[in-house]
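Residue numbers (full-length UniProt numbering), protein chains in the order written: chain F, 1 to 442; chain Z, 1 to 442.
FYI, nobody ran anything at the bench for these hints, they're computed from the structure. Take these hints with a grain of salt, some might be off.
Same chains, same label: a pair holds when it works inside one copy or across any pair of copies.
[Said to hold, decoys possible] In silico SDA-like pairs for lysine to any residue, Cα to Cα no more than 20 Å straight-line:
id: 1; residue 1: K290; residue 2: P30
id: 2; residue 1: K250; residue 2: H38
id: 3; residue 1: K197; residue 2: D137
id: 4; residue 1: K50; residue 2: D137
id: 5; residue 1: K45; residue 2: Q230
id: 6; residue 1: K50; residue 2: R413
id: 7; residue 1: K197; residue 2: L144
id: 8; residue 1: K290; residue 2: G183
id: 9; residue 1: K197; residue 2: P136
These figures come from a predicted structure and were not determined experimentally.
Protein chains: 2
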Amino acid sequence: MAHERQLHLGAFMRPVSLHTGAWRYPGGYPDANFNFSHMKEFVRKLEAAKFDAFFMADHLAVLNMPIEALKRSQTVTSFEPFTLLSALAAVTDRIGLVATASTTFDEPYHVARRFASLDHISAGRAGWNIVTTANPDAALNFGLEEHVEHGERYQRAREFYDVVTGLWDSFAEDAFTRDVESGQFFDPARMHVLDHKGEEFSVRGPLNIARPPQGWPAIVQAGQSEPGRQLAAETAEVVFCSPRDLEAAKALYADIKGRMPAIGRDPLYLKILPAAFVVIGDSIDEAREKRARLDGLVHYDSAIASLSIALGHDASGFDPDGPLPEIPETNASKTGRAQVLKLAREEQLTVRQLAQRYGGYSGLAFVGTAASIADEMEQWLVERGSDGFNVVFPYLPQGLDDVVNLLVPELQRRGLFRSEYEGATLRDHLGLPRPANRFFAD
Amino acid sequence: MAHERQLHLGAFMRPVSLHTGAWRYPGGYPDANFNFSHMKEFVRKLEAAKFDAFFMADHLAVLNMPIEALKRSQTVTSFEPFTLLSALAAVTDRIGLVATASTTFDEPYHVARRFASLDHISAGRAGWNIVTTANPDAALNFGLEEHVEHGERYQRAREFYDVVTGLWDSFAEDAFTRDVESGQFFDPARMHVLDHKGEEFSVRGPLNIARPPQGWPAIVQAGQSEPGRQLAAETAEVVFCSPRDLEAAKALYADIKGRMPAIGRDPLYLKILPAAFVVIGDSIDEAREKRARLDGLVHYDSAIASLSIALGHDASGFDPDGPLPEIPETNASKTGRAQVLKLAREEQLTVRQLAQRYGGYSGLAFVGTAASIADEMEQWLVERGSDGFNVVFPYLPQGLDDVVNLLVPELQRRGLFRSEYEGATLRDHLGLPRPANRFFAD
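Given the sequences, and given the hints that come with them, work out the whole structure.
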């Protein structure tokens, strides 16, 4: 019995989990950041469970936290996304592969080319997570003294997207004739020279690769600020977001989808998938104990560093047992900072308590049994808080094993999640149409 | 019986061969540019034959030739190197994987990170072919109106190399302590912040990935101009070159290796591997017939385009049956242009004859039986014209099959080439030492 709408499930991961205590959790793989065989194991299990996509979180800098805190963290040193996902493409057949690429610190020609190549290698399973890169330390690795301002980052992101998608459309489907007899390899009338000259970029094109099998790799977007929501409504096919609860999720869902008709887009073709930290136990109490045990492994130095990142401000000098002091406005992610301030206000948390929340995992969490979590996920789907989730595993491999062995079968029994892949591409899994080529009729 | 020195063999490839007539050759794969399964087949055969490395040629633009010529060519639209080689890393165990990355149109932080990641994924099999990108059309895809001048490209390349290798040394071998008990994931005293501020780049670091398994991926360099030779002597561990004959090769070999002692480098640790186009027949006549058949498949429009690239000047307006006219000095590869002029002068070729040579394959060619080619390769090795070759296959898959089934066994019988891999990494295959970390003693 299938529901009218089914859940879409992505796995949003770092190799040792996003939770900074996870590398110390019993049975974990502390070496997973540089151990490809672990990554292969994870992605194959997710594919066997029919996940829509594997989604690798990314960073463009090591620093941005005090060194005494940094040394506790396993999250920032690991594989680079394109090399990792391409290698995983070669050992999987169906699961989607979503990579992050920054519009602030990369070139549209490179980004368009790499995603097109990943899409060809994977036979249509690539997705591009468009990020504007909030970490101010990244700028220092790319020759910039000061970080690019928030508004300008989004303006550049929008033009970057236009150039990349324009480059993907460089060749019509039938451009490559490969006519051995006549000697014509492709038809130049079916090739478009983009000749883009904009505010931020000047890119001639054409791209030196055929149009991706999906037309365009699926477009993923993560910003929740005002310009982030507008960019998502205009361009995204998957929104990756972090609402704190169902009410906030429903408001975000309605807001972003509500912007789409005016732009001429069908809200059906944008899937909103909040990050959800999933901790499964045989009982709800056992699940809570697991989470408490995990959070207990987060060193305070690491916790305060995570809070610093969320604030875009070094919090290590704050009084741990006092309230969050006033901090100056900065250029860091506005969404992240707003969430910290809201959490601090709503729950009257001290700096230490806030830090421990952020050092563990501060976002939306489903902590319970497979049945209770399936109930919650169903409610979110039915009440239009989301179209599915990007699952965050608390620890690896056990947290992933629990999801694929306990939660996914429960969702499948309820008709809330596929038991087999029906299509071959990431767009097929997500129920997204193949974009028309803007320069050529198919 | 092994020789004192053995040959090193790389495969220098485009998916459908570098020869622009190859896609029309009987039994070929005209669709190989976007067919990953063909690439997997090729690299696995090369690994079974114990090749040192698979080396993918690259381009950063489609254009730079008249459209009527471009349409005949299969060489410029294909996979992007990092995505392709990472995927191939996942389906191979021992063969080296050399990718091209441009120092003119990319960022040192990105390049350092991707090669380190490929080296981790492949367990020490990555090599970086440093190119400065001679194609003036590439500049137009990266926001530059005019191509960067030859001398400045090399100055930038040298600084780019310093930054990349410095970033690779960001972490000592023992930096990642992963001490579950104390909660220390890495030792910050074993992390180096590069803080590079130079003429061309300002890059703070550290790189957000552990030091590559090889220390540094093997460094490959291809320029033969004066600054190219000097850069190679200073930095390269493999020189990829295109001498026209053994005498030219010996001069180049002696020149580059002769520069090394003064720099404090051991010439043993630089392997000079000319590109060699290898056509094998049961008799020398049959091999020549194969080559003639292949060259006959090069359309004149494509031939004249190749000549244009070699000259860095549109040759389509020249009289096909006249001599090469005078052409103005440009910013294109000086080595390439010098070779055309030399060939035209020495062999008194018309524009058409020159174009047909360049449209087919104009570089060093060994055309004969497995035994005659083994003789030639042995002579080059013994007389120090080279330390091996980057084999260019005339057509695929047959040309590759001929090399691995006929030539490699002949070289193995003579003790000129390994029968088994002795080490695990590309550096092991090439006999190169693992570079010390400049910031930390091992």
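Now for the hints, and whether the structure bears them out:
{"no.": "1", "hint": "K290 - P30", "in the structure": "within (18 Å within a copy, 56 Å between copies)"}
{"no.": "2", "hint": "K250 - H38", "in the structure": "neither (36 Å within a copy, 48 Å between copies)"}
{"no.": "3", "hint": "K197 - D137", "in the structure": "between (29 Å within a copy, 16 Å between copies)"}
{"no.": "4", "hint": "K50 - D137", "in the structure": "neither (37 Å within a copy, 44 Å between copies)"}
{"no.": "5", "hint": "K45 - Q230", "in the structure": "neither (35 Å within a copy, 50 Å between copies)"}
{"no.": "6", "hint": "K50 - R413", "in the structure": "within (14 Å within a copy, 51 Å between copies)"}
{"no.": "7", "hint": "K197 - L144", "in the structure": "between (23 Å within a copy, 11 Å between copies)"}
{"no.": "8", "hint": "K290 - G183", "in the structure": "between (66 Å within a copy, 18 Å between copies)"}
{"no.": "9", "hint": "K197 - P136", "in the structure": "between (28 Å within a copy, 18 Å between copies)"}
Checked against the numbered hints listed earlier, the structure breaks hints 2, 4 and 5; every other hint is satisfied.
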